[in-house]
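Order-wise, the sequence lines are chains A, B and C. Each residue of the first sequence is one higher than the one before, starting from 1 at the first, in this note's numbering. Each residue of the second sequence is one higher than the one before, starting from 248 at the first, in this note's numbering. Each residue of the third sequence is one higher than the one before, starting from 545 at the first, in this note's numbering.
The hints are simulated quantities; they were obtained by calculation from the structure and are not laboratory data. Hints are supplied without guarantee of correctness; some may be wrong.
No farther apart than 20 Å at their CA atoms in a straight line, the calculated lysine to any residue pairs in the SDA-like style are these [unchecked claim]:
1. C:Lys826 x B:Arg367
2. C:Lys853 x A:Asp93
3. C:Lys853 x C:Gly870
4. A:Lys165 x A:Asn90
5. C:Lys853 x B:Asp346
6. C:Lys853 x C:Arg869
7. A:Lys167 x A:Thr138
8. A:Lys140 x A:Glu130
9. C:Lys853 x B:Phe342
10. A:Lys113 x C:Thr758
11. A:Lys165 x C:Arg757
12. C:Lys826 x C:Asp579
13. A:Lys113 x C:Arg865
14. A:Lys113 x C:Gly686
15. A:Lys167 x A:Leu148
16. C:Lys853 x B:Leu337
17. A:Lys167 x A:Lys113
18. A:Lys140 x C:Arg865
19. A:Lys113 x C:Gly755
20. A:Lys167 x A:Glu29
21. A:Lys113 x C:Asp547
22. C:Lys853 x C:Glu871
23. A:Lys113 x C:Thr735
24. A:Lys113 x C:Val546
25. A:Lys140 x C:Val546
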Amino acid sequence: MIAPILEIRDLSINFGGLRAVDQVSFSVERNCITTVIGPNGAGKSTLFNLISGALRPRNGQVLIEGVDCTGQPPYRMQAAGLARSFQITNLFDELTVAENLRLAAQILEPTTKIWRPVRGSTIAQARVDELLERFSLTDKARHSVAELSHGEQRRLEVAVALACKPKVLLLDEPTQGMSQGDTQDTAELIKSLVHDVTIVLIEHDIGLVMSLSDHVIVMHQGQKLAEGPPSEVRANPAVQTAYFGHA
Amino acid sequence: MSEAVQYFQFVLAPQMLIGLVLGVAVILVALGLTIIFGLLDVINMSHGEFYALGAFFALALAQIGLPFWLLLLLVPLLMLPVGYIVERALIQRVFHSGDRHVRTLLLTFGLGLVMEDSYRLVFGPNPYRPETPITGGVEIFDIFLPSYRLFLIIVGAAIIAAVAFIVYRTRLGAMVRAAAFDRDMAASLGVPVQHVYAGAFAFGVALAGLAGVLLAPIYSVFPTMGRDFILMAFTVVIVGGMGSIAGVVVAGLLLSQIQAIVALYISPVWSDPVVFGIMVVMLMVRPQGLFGRLGHG
Amino acid sequence: MVDALTRSMRASHLLLAILVAASLVVAAIGAALGDIFYLRLATEALIFGGLAISVDILLGYTGLLSLGQALYFGLGAYLSALVLMVVPSFWAAIAATTLASAVAGLIGGFIVNRVRGVYFALITFGMAQVAAKIVYNTRALGASDGLIGVPVIDINLGVTSISSGSPVGFFLFVLALIVVMYALAAYLLDTPFGRLLIALRANEARIPFLGYRTMTPRLAAYVVAAVIAGVSGALYPMLRGFVSPELMYFETSGNAVITVVTGGTGTLVGALYGSALLTLLKSVIGSFTPHHLIVIGILFMGAVIFLPKGIMGSIRPAIERMLARGEKP
Numbered sequence: 001m002i003a004p005i006l007e008i009r010d011l012s013i014n015f016g017g018l019r020a021v022d023q024v025s026f027s028v029e030r031n032c033i034t035t036v037i038g039p040n041g042a043g044k045s046t047l048f049n050l051i052s053g054a055l056r057p058r059n060g061q062v063l064i065e066g067v068d069c070t071g072q073p074p075y076r077m078q079a080a081g082l083a084r085s086f087q088i089t090n091l092f093d094e095l096t097v098a099e100n101l102r103l104a105a106q107i108l109e110p111t112t113k114i115w116r117p118v119r120g121s122t123i124a125q126a127r128v129d130e131l132l133e134r135f136s137l138t139d140k141a142r143h144s145v146a147e148l149s150h151g152e153q154r155r156l157e158v159a160v161a162l163a164c165k166p167k168v169l170l171l172d173e174p175t176q177g178m179s180q181g182d183t184q185d186t187a188e189l190i191k192s193l194v195h196d197v198t199i200v201l202i203e204h205d206i207g208l209v210m211s212l213s214d215h216v217i218v219m220h221q222g223q224k225l226a227e228g229p230p231s232e233v234r235a236n237p238a239v240q241t242a243y244f245g246h247a
Numbered sequence: 248m249s250e251a252v253q254y255f256q257f258v259l260a261p262q263m264l265i266g267l268v269l270g271v272a273v274i275l276v277a278l279g280l281t282i283i284f285g286l287l288d289v290i291n292m293s294h295g296e297f298y299a300l301g302a303f304f305a306l307a308l309a310q311i312g313l314p315f316w317l318l319l320l321l322v323p324l325l326m327l328p329v330g331y332i333v334e335r336a337l338i339q340r341v342f343h344s345g346d347r348h349v350r351t352l353l354l355t356f357g358l359g360l361v362m363e364d365s366y367r368l369v370f371g372p373n374p375y376r377p378e379t380p381i382t383g384g385v386e387i388f389d390i391f392l393p394s395y396r397l398f399l400i401i402v403g404a405a406i407i408a409a410v411a412f413i414v415y416r417t418r419l420g421a422m423v424r425a426a427a428f429d430r431d432m433a434a435s436l437g438v439p440v441q442h443v444y445a446g447a448f449a450f451g452v453a454l455a456g457l458a459g460v461l462l463a464p465i466y467s468v469f470p471t472m473g474r475d476f477i478l479m480a481f482t483v484v485i486v487g488g489m490g491s492i493a494g495v496v497v498a499g500l501l502l503s504q505i506q507a508i509v510a511l512y513i514s515p516v517w518s519d520p521v522v523f524g525i526m527v528v529m530l531m532v533r534p535q536g537l538f539g540r541l542g543h544g
Numbered sequence: 545m546v547d548a549l550t551r552s553m554r555a556s557h558l559l560l561a562i563l564v565a566a567s568l569v570v571a572a573i574g575a576a577l578g579d580i581f582y583l584r585l586a587t588e589a590l591i592f593g594g595l596a597i598s599v600d601i602l603l604g605y606t607g608l609l610s611l612g613q614a615l616y617f618g619l620g621a622y623l624s625a626l627v628l629m630v631v632p633s634f635w636a637a638i639a640a641t642t643l644a645s646a647v648a649g650l651i652g653g654f655i656v657n658r659v660r661g662v663y664f665a666l667i668t669f670g671m672a673q674v675a676a677k678i679v680y681n682t683r684a685l686g687a688s689d690g691l692i693g694v695p696v697i698d699i700n701l702g703v704t705s706i707s708s709g710s711p712v713g714f715f716l717f718v719l720a721l722i723v724v725m726y727a728l729a730a731y732l733l734d735t736p737f738g739r740l741l742i743a744l745r746a747n748e749a750r751i752p753f754l755g756y757r758t759m760t761p762r763l764a765a766y767v768v769a770a771v772i773a774g775v776s777g778a779l780y781p782m783l784r785g786f787v788s789p790e791l792m793y794f795e796t797s798g799n800a801v802i803t804v805v806t807g808g809t810g811t812l813v814g815a816l817y818g819s820a821l822l823t824l825l826k827s828v829i830g831s832f833t834p835h836h837l838i839v840i841g842i843l844f845m846g847a848v849i850f851l852p853k854g855i856m857g858s859i860r861p862a863i864e865r866m867l868a869r870g871e872k873p
């Protein structure tokens, strides 16, 4: 049996007395979009921080392709094939769009290339050009991040996470603060990525979640409340109570 | 009398007493430094020069005949507007930039250079030794202590207590701590943040000036007087925990004793490297220092 | 396609070429007039410019403010003096200081890189103070007097040799060496490694998620900076014939920071222009009044407030635009 691409077992962390993430387990299928939903404070971003190595879990396990990566720092998680984007845009503001992508793609080069002039990093450059094209940022390649619109910054955030060709991509509210039109475009973009990469998503826009996801995980007060296909989850009375405040 | 008691009385105790005087002196200088860092998030590299400014103010005013006791009150009052203006005119200009730490540090470093060289220009490079306001001495447990040093310990302790009271127990202090913890939140609650920041800087600088007046009769007045002292003050602030008042007191007393003991058992020239070494080790293992930061828990 | 950072570096190269040309003119005039004093002073400016380059690698590229770079400069100066007093060989002195400052930089780097931001500035400051006091207290190193009587040496260059006592010859030699160190630093900063340093300064928190440890590039930058500071320091006793504990004091570290900030952080070449400017100011103002620190302090404060990019940082964008126009077919 092939191990799932990403498996979470009993993952927990406390902040003070608060059980921010409490015994959460699930596994993610290859080339699918799994979406984590839940009200504010449900522990979704904390869960991502635990999976990506930003936080060390108190207990539980994170397995990437069956390999135990629990408590590894983010650069090891990346090496294991996991990349992430951030809810609050987390880029290199004073650098250009192209340079942001090049920095993220340079890990694709053989390590010896790190001591050679940047213009020799042809693999990274090809990846940059490909991403600029795919994320419709070619025109903005020479602009600094600070000059981009909010929507463009959010797109670049996803592109930077994707640049290292990860196996699993965690996207923390990629459409946060986007206009309706931008949100639709981004949803299409994310859908198109799933041929190459397995995606785990945090998303608030329920309409988007239902149309985009193959699998939905509902979190509430640090715990996993329910999981399943979107239609099934939507019909779940417990979810309705927790999420919408009525059954 | 046993030899051990004699050793204590004639060797160890006097050395520890010297250490205590130095400790109180360093705490007085370090208090302002830690308040400015704790509240404004600014490393005031010119703090030593403000300490010197207090001493030079006292020197100049004493020459026109003002008594020492009046200067003790007058000099800190004079320092307040100086500090207020420096904060509003200089520090605020770089306070809101992205790398606030670096730019405020550099700015106050430059200010210190200008101040120090100005003292040399006005007063010349040589040290002045103001008259000791209280002469004579007292014997405590058979140890001779000049009266002025005893006075310094008592007054210093009173000042430290007063500062702690103002910061931790008064409405003003609460306002200032609120501004330090969350600037925007404090502003929305009606705290005049701009004035609080400038006021806190002025307060810290006034404390340095007061230390300058108090310590001048012991350590003399000269243009680079701040430079030598400030290293020790920085060490105390770092070891105690940047921005902690209790930390400054504990670290000040502790480090001055270590310095005194090292001077006794190894050599006075090694007391500085040992104390700075403690600072480096402290930064390595516990950069936040012994105590937490002002306003932050 | 040349990216923006490579183009900035090329603009710095152009500014360096101008500085080198100006230096050659200075050398020619100095030689024609038989001057010694000003050529020696200009050589000293270059040497401290080397120290300032090391500060810029840390501050301007990696985002680390070192207030203790004099530690490595002083280490280089003392070690070079000691070697030269035993074996009067330039290459032996340079080899020894390169090795020693690399090792010291590695050890020091492990200590100081445990902390970030303002604590980094303070720990570098504290570490340099400890080292300076130890040197000051060590009789074998001449204690407060330092080491005097470092012999004039002949630098063997294979085809020819240059005496460290020759004002023009040694000036040109130091110029060449500083250009080599600049070139080394510039090369490194235009590699993916260098870009990683720039990224560290811009947003350290994101680096681990790109698959890199932050400690390794920080440490590497620190070691490179230590070596450049150490080799610059090694030239000092060759020029002046002595070393003193002042070289390790905070004044030296602080001056290097003033130099970089005034000249332009993150430009490399700004360090050299800054050093030339400050040396010039000191000697011009110094001929009127001993209070040059007031002027330099005010100038420095002015730079921090009004010209945060420094002089070269403010000039360079115009050159970058010029270069960008030149690239288009």
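Evaluation of the provided hints:
1. C:Lys826 x B:Arg367: Within the cut-off at roughly 17 Å; holds.
2. C:Lys853 x A:Asp93: holds, 17 Å
3. C:Lys853 x C:Gly870: violated, 25 Å
4. A:Lys165 x A:Asn90: holds, 19 Å
5. C:Lys853 x B:Asp346: Satisfied, since the Cα-Cα distance of roughly 12 Å is no more than 20 Å.
6. C:Lys853 x C:Arg869: violated, 23 Å
7. A:Lys167 x A:Thr138: Measuring from Cα to Cα gives roughly 25 Å; hence the hint is violated.
8. A:Lys140 x A:Glu130: Judged against 20 Å, a Cα distance of about 14 Å means the pair holds.
9. C:Lys853 x B:Phe342: holds, 16 Å
10. A:Lys113 x C:Thr758: holds, 18 Å
11. A:Lys165 x C:Arg757: holds, 18 Å
12. C:Lys826 x C:Asp579: holds, 19 Å
13. A:Lys113 x C:Arg865: Answer violated: A:Lys113 to C:Arg865 is near 29 Å, above 20 Å.
14. A:Lys113 x C:Gly686: violated, 47 Å
15. A:Lys167 x A:Leu148: Not satisfied, since the Cα-Cα distance of roughly 28 Å exceeds 20 Å.
16. C:Lys853 x B:Leu337: holds, 18 Å
17. A:Lys167 x A:Lys113: Distance ~23 Å between A:Lys167 and A:Lys113 Cα, so the pair is violated.
18. A:Lys140 x C:Arg865: Cα-Cα ~18 Å, so holds.
19. A:Lys113 x C:Gly755: Answer holds: A:Lys113 to C:Gly755 is near 15 Å, not above 20 Å.
20. A:Lys167 x A:Glu29: holds, 11 Å
21. A:Lys113 x C:Asp547: With Cα atoms ~17 Å apart, A:Lys113 and C:Asp547 stay inside 20 Å; holds.
22. C:Lys853 x C:Glu871: Distance of about 25 Å is beyond 20 Å: violated.
23. A:Lys113 x C:Thr735: holds, 8 Å
24. A:Lys113 x C:Val546: holds, 18 Å
25. A:Lys140 x C:Val546: Cα-Cα ~15 Å, so holds.
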